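A.B. asks: With the hints as your guide, set chain B onto chain A.
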Amino acid sequence: MEFLYTFPYMGRVPLRDLKKGIDASFREFSFANGEAIETFFDPLLFFMVWFEKLLIGAPWPLMILIFAGLAWLGARSIPIVIGTIASFLAIGWFGMWEDTMATVAIISVATFLCIGLGIPLGILMSRSNRLQSVVTPVLDVMQTIPSFVYLIPVVMLLGIGKVPGLIAVCIYALPPIVRLTNLGIRLVDKEVLEAAEAFGSSYKQKLLDVQIPLALPNIFAGVNQTIMMALAMVVIASMIGVKGLGVPVLRAVSNQYLALGLFNGLAIVALAVIFDRVSQQYGKRLQKHRQGGHGV
Amino acid sequence: MNKFVKGIAVAGLATAMSQGAVAACGDVTIAEMNWASAEFMANVDKIILEEGYGCSVELIPGATLTTFASMDTKGVPDVAPELWTQAVEVPLKAAFAAGTLLSVNPKPIAGAGEGWVVPSYTMANNPELKTVLDIIERPDLFPSKEDPSKGAFVGCPAGWGCQQVNNNLFTAFDMEAKGWVLIDPGSAAGLDGAMAKAVQRGDDYFGYYWSPTAMMGKLNMQMVDFGVPFTEMEHWTNCITQAECADPKQSAWSASEINTIVTDSFVKNNDPKAVAYFTKRVFPAAEMGAMLVYMGDNQAGGEDAAIEFLMEYEDLWTQWVGVQAANLIKKSLN
Chain A
1 MEFLYTFPYM GRVPLRDLKK GIDASFREFS FANGEAIETF FDPLLFFMVW
51 FEKLLIGAPW PLMILIFAGL AWLGARSIPI VIGTIASFLA IGWFGMWEDT
101 MATVAIISVA TFLCIGLGIP LGILMSRSNR LQSVVTPVLD VMQTIPSFVY
151 LIPVVMLLGI GKVPGLIAVC IYALPPIVRL TNLGIRLVDK EVLEAAEAFG
201 SSYKQKLLDV QIPLALPNIF AGVNQTIMMA LAMVVIASMI GVKGLGVPVL
251 RAVSNQYLAL GLFNGLAIVA LAVIFDRVSQ QYGKRLQKHR QGGHGV
Chain B
1 MNKFVKGIAV AGLATAMSQG AVAACGDVTI AEMNWASAEF MANVDKIILE
51 EGYGCSVELI PGATLTTFAS MDTKGVPDVA PELWTQAVEV PLKAAFAAGT
101 LLSVNPKPIA GAGEGWVVPS YTMANNPELK TVLDIIERPD LFPSKEDPSK
151 GAFVGCPAGW GCQQVNNNLF TAFDMEAKGW VLIDPGSAAG LDGAMAKAVQ
201 RGDDYFGYYW SPTAMMGKLN MQMVDFGVPF TEMEHWTNCI TQAECADPKQ
251 SAWSASEINT IVTDSFVKNN DPKAVAYFTK RVFPAAEMGA MLVYMGDNQA
301 GGEDAAIEFL MEYEDLWTQW VGVQAANLIK KSLN
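Line order of the protein sequences matches chains A and B. FYI, the numbering for the first sequence is 1 to 296, going by the numbering used here. FYI, the numbering for the second sequence is 1 to 334, going by the numbering used here.
Only chain A is shown next, with the shape it has when bound in the complex:
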């Protein structure tokens, strides 16, 4: 009966040997290929270092003007532009300017990378059910596996710094845009597609002129979620040495400084809200033809 109450398990020694075997083979892999993989990521690293230096080194009124300008271009809405300017002024006033610029640098690179990889992947997934059934479990793993599990091998291969941080952020932030692009395109009304075919559209015309425009609400929901998740990963990225707002938050958590954690946390929230509102407004403007639209 004892058998029923203690799960029969592999045994300490075989399990330990299995784990050590996996570790040893990863160490060999890392030894053999680590340099090559690091060199592969070097251009991306140089770009990120240059971009971060650019944002931190630029005069702050110029940066605020640029952000306000981007907010206006995206949103065409005075309240949002004013909110953007006020948030950045507050961030600077409370001494968080450099950290915020560093975070903006890495998050914008991560976001663009994720969107650039995610939308094509989502489009491909929408074309093929087989691909969807292969990719979906991978996305599930990417979203739920605890970050340090894949960070340990990444740190062993690439060390601590911006590239592992970028990989950590992208692995977590990629799935929403992929899933929602896939969903959005699949949800496009079949009859509309048939009509487009009837009018003689090529595959490219169907994709670019019919499917993507109609899938835009879902795609923009995906962009929004990707941005939110990228910013949520800021603190985990700082646990492997990425500079930015995550570092003071980590200090605050480790030393129990409430105010420090609150200020930097709110700065992260402010960034998220600004990025989100601007991208949402941009998305809405792209779909303006649908509001009050009567066909076409």
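Among the hints, erroneous ones may be present.
Said to hold, decoys possible - Not close to chain A: a few residues of chain B, all C-beta gaps over 10 angstroms, as computed:
(1) G75
(2) V90
(3) E137
(4) D140
(5) F226
(6) V282
(7) G302
Unchecked claim - Calculated lysine-lysine pairs in the DSS-like style (CA-CA distance at most 25 angstroms, straight line):
(8) K19/A x K197/B
(9) K197/B x K145/B
(10) K268/B x K280/B
(11) K273/B x K178/B
(12) K53/A x K150/B
(13) K20/A x K268/B
(14) K331/B x K107/B
(15) K53/A x K178/B
(16) K93/B x K107/B
(17) K93/B x K53/A
(18) K330/B x K280/B
(19) K19/A x K218/B
(20) K145/B x K178/B
(21) K249/B x K280/B
(22) K93/B x K268/B
(23) K150/B x K249/B
(24) K20/A x K197/B
(25) K288/A x K206/A
(26) K268/B x K107/B
(27) K93/B x K218/B
(28) K284/A x K206/A
Claimed, not checked - Only part of the chain A face toward chain B is listed, based on derived beta-carbon distances under 10 angstroms:
(29) F31
(30) F46
(31) A90
(32) F148
(33) P164
(34) G246
FYI, nobody ran anything at the bench for these hints, they're computed from the structure. The structure presented is a predicted model; accordingly, all values stated were derived computationally and were not measured. Here a beta-carbon is modelled for each residue, glycine too, at the ideal position from N, C-alpha and C.
C.D. replies: Frame of chain A, contents of chain B only:
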């Protein structure tokens, strides 16, 4: 009827009194801090207290600064087996004076030390680098990945007492002007990962580490002589270990102070024999080192390592506990 009740009452009281003569050990919370030797010690203490003295032990995760703050303000956990006390010297002395915290063991680990380390091959390849003062003149030997024009010095993650010391020594030795950048590894995993990666590739590496640890042994790291003497204790305690240190002076690392700290409520409410155990238990450097290597090689957690220790080093730990407790513990291991 009255006589009967009286009789029962007397009998009950007598039983209670005889039980009271052996004060029960109640619930005990022990801090399990997030590095290997601390996990190992916490688990050894847990097994010995539970099996030998009948306590009910709960392990609470923590780190130097967080655990100390919790003990100081809330009196939880009851025991911190491996508290590196330098970083919290001032508030700790205040607590000692107030009687809320006590040190029951001024040296639970022999041969502990902190400092700045380089791989042995770096020392071998560059024999002219004898002290920290020599090394800091050569940032070109330790290029940072993100800015190869600067040398990389890897400090401590947040929450560790050494983070502030490293920041202040970095300033005191004027390293930024000499072309160094202080890298915050973010976490214990980041620190270990950075060092392991560098040594695996045969790169030169310069950063903080401490002993007793498996990493120092496995990666064959060497502590570097600072080349300057230790500054006065007063300056160390009031400036170098603190965040607001206006003018840190160059200094070697202080001798590491590790204490087993307990709260006064732990001493008052528990079996004095259990408290006395803490005063006696000292891990000599060789045995602690061997256990840490064991933990590394076998990927053993604190609990497995504690069991291995109790099975392998009976001669050592039976000196810390009474005969009765030793027998109970030996029985439980089988």
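A.B. asks: Now, for every hint given, state plainly whether the structure supports it.
C.D. replies: Right, here's what the structure says about each hint:
Look at G75/B: its CB is around 16 angstroms from the nearest CB on chain A, clear of 10 angstroms, so calling it non-interface holds up. Listed as outside the interface, V90/B is consistent with that label: its C-beta sits roughly 15 angstroms from the nearest C-beta of chain A, beyond the 10 angstroms cut-off. With a cut of 10 angstroms on Cβ distances, E137/B stays outside the contact zone with chain A, its closest approach being about 24 angstroms. Distance to chain A confirms D140/B as a non-interface residue, since its nearest Cβ pair spans about 19 angstroms, more than 10 angstroms.
Taking the minimum C-beta to C-beta distance to chain A, about 25 angstroms, the non-interface status of F226/B holds against the 10 angstroms cut. With a closest Cβ-Cβ approach of about 29 angstroms to chain A, V282/B is found to remain outside the 10 angstroms limit, as its non-interface label requires. Distance check on G302/B: its Cβ is at least 15 angstroms (rounded) from any Cβ of chain A, clearing the 10 angstroms threshold; non-interface status holds. Annotation: proposed proximity of K19/A to K197/B holds, straight-line Cα distance about 19 angstroms (limit 25 angstroms).
A hinted pair counts as satisfied when its Cα atoms are at most 25 angstroms apart, and K197/B with K145/B qualifies at roughly 12 angstroms. Distance check on the hinted pair: K268/B and K280/B sit about 18 angstroms apart at the alpha-carbon level, within 25 angstroms; holds. Between K273/B and K178/B the CA atoms are separated by roughly 55 angstroms; this puts the pair beyond 25 angstroms, and the hint is violated. A threshold of 25 angstroms between alpha carbons decides the hint, and for K53/A with K150/B the separation of about 15 angstroms falls inside it, so the pair holds.
Note on K20/A and K268/B: the hinted pairing is violated, with a Cα-Cα distance of about 46 angstroms set against a maximum of 25 angstroms. Using a Cα cut-off of 25 angstroms, the hinted pair K331/B and K107/B is violated, with the two alpha carbons roughly 29 angstroms apart. Taking the CA atoms of K53/A and K178/B, the gap is about 20 angstroms. The hint holds against a cut of 25 angstroms. In summary, the hint linking K93/B to K107/B is supported, as the alpha carbons are separated by about 17 angstroms, within the 25 angstroms threshold.
Among the hinted pairs, K93/B with K53/A is inconsistent with the structure: their alpha-carbon atoms are about 45 angstroms apart, more than 25 angstroms. Annotation: proposed proximity of K330/B to K280/B holds, straight-line Cα distance about 18 angstroms (limit 25 angstroms). Under the criterion of a C-alpha separation no larger than 25 angstroms, the hint pairing K19/A with K218/B is consistent with the structure, at around 18 angstroms. For the proposed pair K145/B and K178/B, the alpha carbon gap of about 17 angstroms is at most 25 angstroms, so the pair holds.
Using a Cα cut-off of 25 angstroms, the hinted pair K249/B and K280/B is violated, with the two alpha carbons roughly 37 angstroms apart. At most 25 angstroms may separate the alpha-carbon atoms for a hinted pair to count; K93/B and K268/B meet this at roughly 20 angstroms. The hinted pair formed by K150/B and K249/B meets the criterion: a straight-line CA distance of about 23 angstroms does not exceed 25 angstroms. The suggested pairing of K20/A with K197/B holds, with an alpha-carbon distance near 18 angstroms, which does not exceed 25 angstroms.
Pair hint K288/A plus K206/A holds up; C-alpha atoms about 20 angstroms apart against a cutoff of 25 angstroms. The suggested pairing of K268/B with K107/B holds, with an alpha-carbon distance near 23 angstroms, which does not exceed 25 angstroms. With a C-alpha separation of about 36 angstroms, the suggested pairing of K93/B with K218/B is violated against the 25 angstroms cut-off. Proximity of K284/A to K206/A is assessed by CA-CA distance (about 21 angstroms); at most 25 angstroms being required, the pair is judged to hold.
A hinted interface residue such as F31/A counts as satisfied when its beta carbon comes closer than 10 angstroms to some beta carbon of chain B; here the least separation is about 6 angstroms, so the hint holds. Of the supplied interface hints, the one on F46/A holds, with its beta-carbon coming within about 9 angstroms of a beta-carbon of chain B, less than 10 angstroms. Hint on A90/A is violated. Least Cβ distance to chain B is approximately 24 angstroms, over the 10 angstroms limit. The restraint placing F148/A at the interface with chain B holds, with a minimum CB-CB distance near 6 angstroms, inside the 10 angstroms limit.
For the restraint placing P164/A at the interface with chain B, the shortest Cβ-Cβ distance is roughly 9 angstroms, inside the 10 angstroms limit, so the hint holds. Restraint check, G246/A versus chain B: the minimum CB separation of about 8 angstroms is within 10 angstroms; hint holds.
Checked against the numbered hints listed earlier, the structure breaks hints 11, 13, 14, 17, 21, 27 and 31; every other hint is satisfied.
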